[in-house]
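Enquirer: This is what each chain is made of:
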Amino acid sequence: MNQSLDEPANAATDENQEIDFLNGASHAPTSESSPPMNVQTNEFMSKIAREIDEEVRRKRAQGAFPPAFERRLKTIFEQLVPPGAGNSRKDFEALLRSSDRAAYFDIDVPIASQKPGVTRVKKLLRTTQAWYLNYLAQQLNNFSTNLMRLLYVFDSRVKKLEDASESAKTVRPSGTFLKPYYVTASGLDEKLLSSMGEPAGRVLIADCGNGYLVNHLNEHGFDSYGVDSNLESLENPVVTSLDLRWQDLDEHLKEIADDALFGIVLQNTSDMISPVEKLDLILQARRVLAPTGNLAIISIDPRFFETSSELLVQRDLSPGKPFAPETWRYVLEQLEFSNVSTTSFENCHLTMGYFTNNDAPGD
Amino acid sequence: MRRVIQFVPTLVPGDATGMHAMMISKSLQGRNIETKIYVEEVRKDQIGGAVRFTSYARENRPDDILVYHLAAPSAIADFLSSRGETLVIVYHNITPAHFFEPWDQVAATGQIWARAQLSRLAARTTLALPVSRFNQHELIELGYGKSVVVPILFDPTIFASGSDKKVDEMLRENRDAGRNNFLFVGRLVPNKAQHNLIAALSAFNRIYSKDAVMHLVGRPFSKEYLDLLKEVARDLGLKENVNFTMGVSTEELSSYYHGSDAFICLSEHEGFCVPILEAMHNDLPIAAYNSSAISETLGDAGILIQKNDPVTTAVAMEKLVNDEALRRFLHRQMAVQLEELTFTASRDRLFNALADLEPALRQREAIG
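These protein sequences, in sequence, are chains A and B. Per the numbering used here, residue 1 is the first one in the first sequence, and the count goes up by one each step. Per the numbering used here, residue 1 is the first one in the second sequence, and the count goes up by one each step.
It should be emphasised that the hints constitute simulated quantities derived from the structure, not laboratory data. Hints may be right or wrong, so weigh each one.
Restricting the straight-line Cα-Cα distance to at most 27 Å, the calculated cross-link-like pairs of lysine-lysine (DSSO-like) are [unchecked claim]:
#1 307(B) <-> 254(A)
#2 321(A) <-> 74(A)
#3 319(B) <-> 74(A)
Chain A side only, calculated, beta carbon under 8 Å to chain B, not exhaustive [as the list claims (entries may be wrong)]:
#4 44
#5 55
#6 59
#7 73
#8 76
#9 80
Just so you know, even glycine gets a beta-carbon here, dropped at the ideal spot from N, CA and C.
Okay, chain B solo, but in the shape it has when bound (with noise of 0.2 Å):
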């Protein structure tokens, strides 16, 4: 049997990327393929056993299925070019540089590098697994051939691990005062438009009379955003409103999205955006903007808002908040779409689409 050896850029708790790959590996073990993962960086905080990429060069088979997991610059990609070994992309999705250029010129040349990687692995890769039908059309015009949509494999034991005591009593405590909250999980990045959410929370505010509160958890991908975020809060009055939680347990992470009202994605570029999975998971009602990959992940699950502005967004939150037969419908829908983007569905659509690279995939009742 051939063996499947994954690249990821990094392994680390909380990025989808990363998370992705383990659970890859997970389902490929269960069917008996050896399997491996290298990766560019080796940290501290990284999870599993993963080795430095090079390594790969020493202990290679011809026969080997390369799966590299492309988000990002990486000198993997240049190193995967230049092998023999039968190549197979999973396209997670590269933010355009635009969304980055004024606030992080090398993080923008760094997107628009990516973007050359993505575009002359086109030629060496022989299946590509984008996450979305959003990556798909994208790849597509870079010139790749086969590409099977696989989305992310979530592992919803994730938020088995209990929540946190003092997260809980915090949102407890805004209840129990008629403060909504509000919720939104992703790195702060321009692109994940968190001023767009500061704007709607203060429209919110103003126009139904209430003191919400939006957390926004997540790491700033820069100091100068983070500080305009700040900036803004206070500009708007909303300094006590606006919590900016940084990294978070996975503990404090479930308890955010179980004792919120809402969350509110108002994200301008997303390849899948795995935060709306585990908010549908919670059973937690979701508005999002119509941009990107997002419709695909939601589906009909939640409120897709068209118009991004401030009062569009307000209103959608308060019928989220208010609205009790929106949030039944939504309850069911939630169940549909998770039943769609469910572990086992989408282990499947990868194992089907890795089989005529390795028989041993081949799904069982079809071997029967």
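The shape of chain A in the complex, shown without the other chains (with noise of 0.2 Å):
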């Protein structure tokens, strides 16, 4: 019989108090005498971890260790890691050119010894055996030039494809083609505020660009931090002690561990991305957020692209047109966020939904 217990199942209570053990539930002996030495373990060690995020939120707020230098560090490992260790472009372009490199066989053996007579038994090795080596290196170099000549090729055409499809998904508003829109709007900070309740969590604001939301929550008790695509965007924030990051955001939230985050609050380039991009933003948003977590869209109204050249021509430029805010309420409701509300401004609507239950079916 297949028996994946810890124990034999007719060895009762000792074995149930090792698998309580080894489920890391309990640690000292239990037994009815000895339960408040557990829970006073578990207070101290939660008491702990507590102290340590409370310290961790201070000395980021201090600017003890500036978002710069953590960005440095990334920096400097992925400069550092051989090439191929990630899965990006350039990883596959220095990989490339490595085995491009590799890819020669060179017959001229080293013959330098420091053994007295041995350069010259080896030169002779190498001028007796040159007819032969050359006949197998003329070989295999002619291979693996063919063969990486294929590879630039095939890259090549990938590459093509690659930009096809990431254009037909998105205009990144980065770079001198597109520059991003950061709405503004009276009252709005206020309301996202009131809206998100009593902080108990972490709350990311995504194309956060100079910190101002980021900063305004903090101000108010939360502990938030803003990721944004566009670098210029980070260059001159509110207050130089913020945690803003330079990253994408679908690939901030993918490093994002499940229930993590307190809030989200979606801006700016989640109305100009694909509908299909749009719905798998907000299940990634809901599987990082908390169980009783919120998520703030802040969308841009459909009729303010009319109102600038250039907001018309960031609009026709991206795969995606915004949504109105009846559209957003439909897409939280249908995903299971409760207490769907929205909230007009001038040129801006403010939609909240609560997500409740983080196991829902389909998850």
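With the hints as a guide, dock the two chains, each given alone in a separate frame, to form the complex.
Expert: See below:
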């Protein structure tokens, strides 16, 4: 009989204790006379964990370990890991170049030696075997050159395909082609603050720009941080100690553990991506939101795009169109967010949804 | 009585797999069970008189119980898969290949091969003895039947051989100069994430204006990874603050455990993590990233770091060295956790598990 428990099923009492121990649920011997020890242990360890979290927040707020330094750390690792360590286009190209360098077989064997006479013997061997090695090397080099050429052609074709599929998905508002548009509206920050409720964990502000909303929430007791794929926007933060990170939102969300965030505020690029990407983004956000977490979507009013040529260009070149607040509400309700509400401002809408069920079917 | 024959890749000092096999052997001999160890590779620095596994084919008995310690790819697995004796697998864990891929494709392929061997042995295995519940889950997923968790048989007497004066002095000098000594013990390998330890040290020194030292005890798995660690340390201005010890003697290891302020582990994959047990034995406060089997081994005897970022680790490091109440609490908790992981407790679990195969191993109380 297959049995995956720790001990044979007929050894009852002691065995249960052992299984408890291995579950990590109880590490002190469990008996009726000793539960206070476990309670005290758990309380003490929870207190330590809280103190660490608070100290981390305090130190970050003081700018003791600025985000710029964290970014530098990341850059150092990226520069130093071997080619192919990541899965990016840059990694692939580095690997291709390194393979190209290694693809040439050299028959010119080094003959230097510190031992007397050995150099001469090596030279003799090299000379006498050169005709044979040369014949082999020519064939190998021919093969490897063709293989590398094939890889370069393959790479070029894959790159075209990637570029085509990437531009079909989204036009990132970065570089000189498209400028990001950060929506501002009177009263939006206060409404966001009141809708978030009491601080109960970390809040991510997507497309944070200069960190205005991050700072606003932090000033009111939240532990928030920002992510933006546009480096220029991050260069002049409203407060230097803010935790603002230069990263794509989808990449960032993938790195976050389940149930890790108390709140997420989506804005800017979430308007301009395709409907499929929008849904994917909300699903990712739902995954990382803690039970009872908040999702806030700041969406530009679709009609607002008609008011400036800059916005018109951005809208027309983007693969997705901004959703109307009714559409956002429908999407959030379909994805089991509750108490979905929308507040309208002069040029944008704030849609709030509360996530209460992290074990929904289909997760 | 049936013989218990063990197979391990190598039997060298400092290797947890080999040490576990040695302690099992010692325990079985204490019960007058005939036992022998075979290895894949006979090395110069080998402990004990184990011989190459192929000799077993000439020395076998049909009723032998074969105990195979699986932690790496090995020809032993293929050898045992085609034999008819009762097979027991001690599963120490296989590091996922993706940790090695950028650094050493051969090592990465080896891990994939090891996992394939582990999978193939599932149907052939009568009993599995994973060293942690984390490992047990992997075995269940691979279709293994009966499994019993038997933690590593830890022999605390290894630290009885004394300490190393030079290391003692170096650590004391650091302390006298107000420099904290942080320690991690383990092979320099990407899954043990020594690069994150260096980043955490940088955060600690920067945030708390300190000049602490991180002692990384262990041999490198590859030159490339060692070079990366050295580059990172240099780039962060920590060239003088990271001590790459490479291989150390038992005396030196003992000194590092005795003379350090805290043990920090940010390993991302461990099947058990013997150094945590060693740190507890040496009463060294521990902070460890909550990954794989770490929480099982550590229990409540140290700070479990939930978020693997340099600032959180730095704050945990500061608490470990400066929070007296925490240190006292951890001191008590380490004693409790060590009680759970004593040699005797683990040995009894082993005997109980093997008793169905060899009744002579049934606990004496039960027989009486």
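Enquirer: For each hint, tell me whether it holds in the structure or not.
Expert: Cross-check of the supplied hints:
With a C-alpha separation of about 15 Å, the suggested pair residue 307(B) and residue 254(A) falls inside the 27 Å cut-off, and the hint holds. Among the hinted pairs, residue 321(A) with residue 74(A) is inconsistent with the structure: their alpha-carbon atoms are about 34 Å apart, more than 27 Å. The hinted pair formed by residue 319(B) and residue 74(A) meets the criterion: a straight-line CA distance of about 25 Å does not exceed 27 Å. A hinted interface residue such as residue 44(A) counts as satisfied when its beta carbon comes closer than 8 Å to some beta carbon of chain B; here the least separation is about 6 Å, so the hint holds.
About 5 Å separates the beta-carbon of residue 55(A) from the nearest beta-carbon of chain B, less than 8 Å, and the hint is met. The interface hint given for residue 59(A) is met, as the beta carbon of that residue sits about 5 Å from the closest beta carbon of chain B, less than 8 Å. Because the smallest distance between the Cβ of residue 73(A) and any Cβ of chain B comes to about 5 Å, under 8 Å, the interface hint for this residue holds. The interface hint given for residue 76(A) is met, as the beta carbon of that residue sits about 5 Å from the closest beta carbon of chain B, less than 8 Å.
Proximity of residue 80(A) to chain B holds as hinted, the smallest CB-CB distance being about 5 Å (cut-off 8 Å).
When the structure is compared with the earlier hints, a violation turns up for hint 2 alone.
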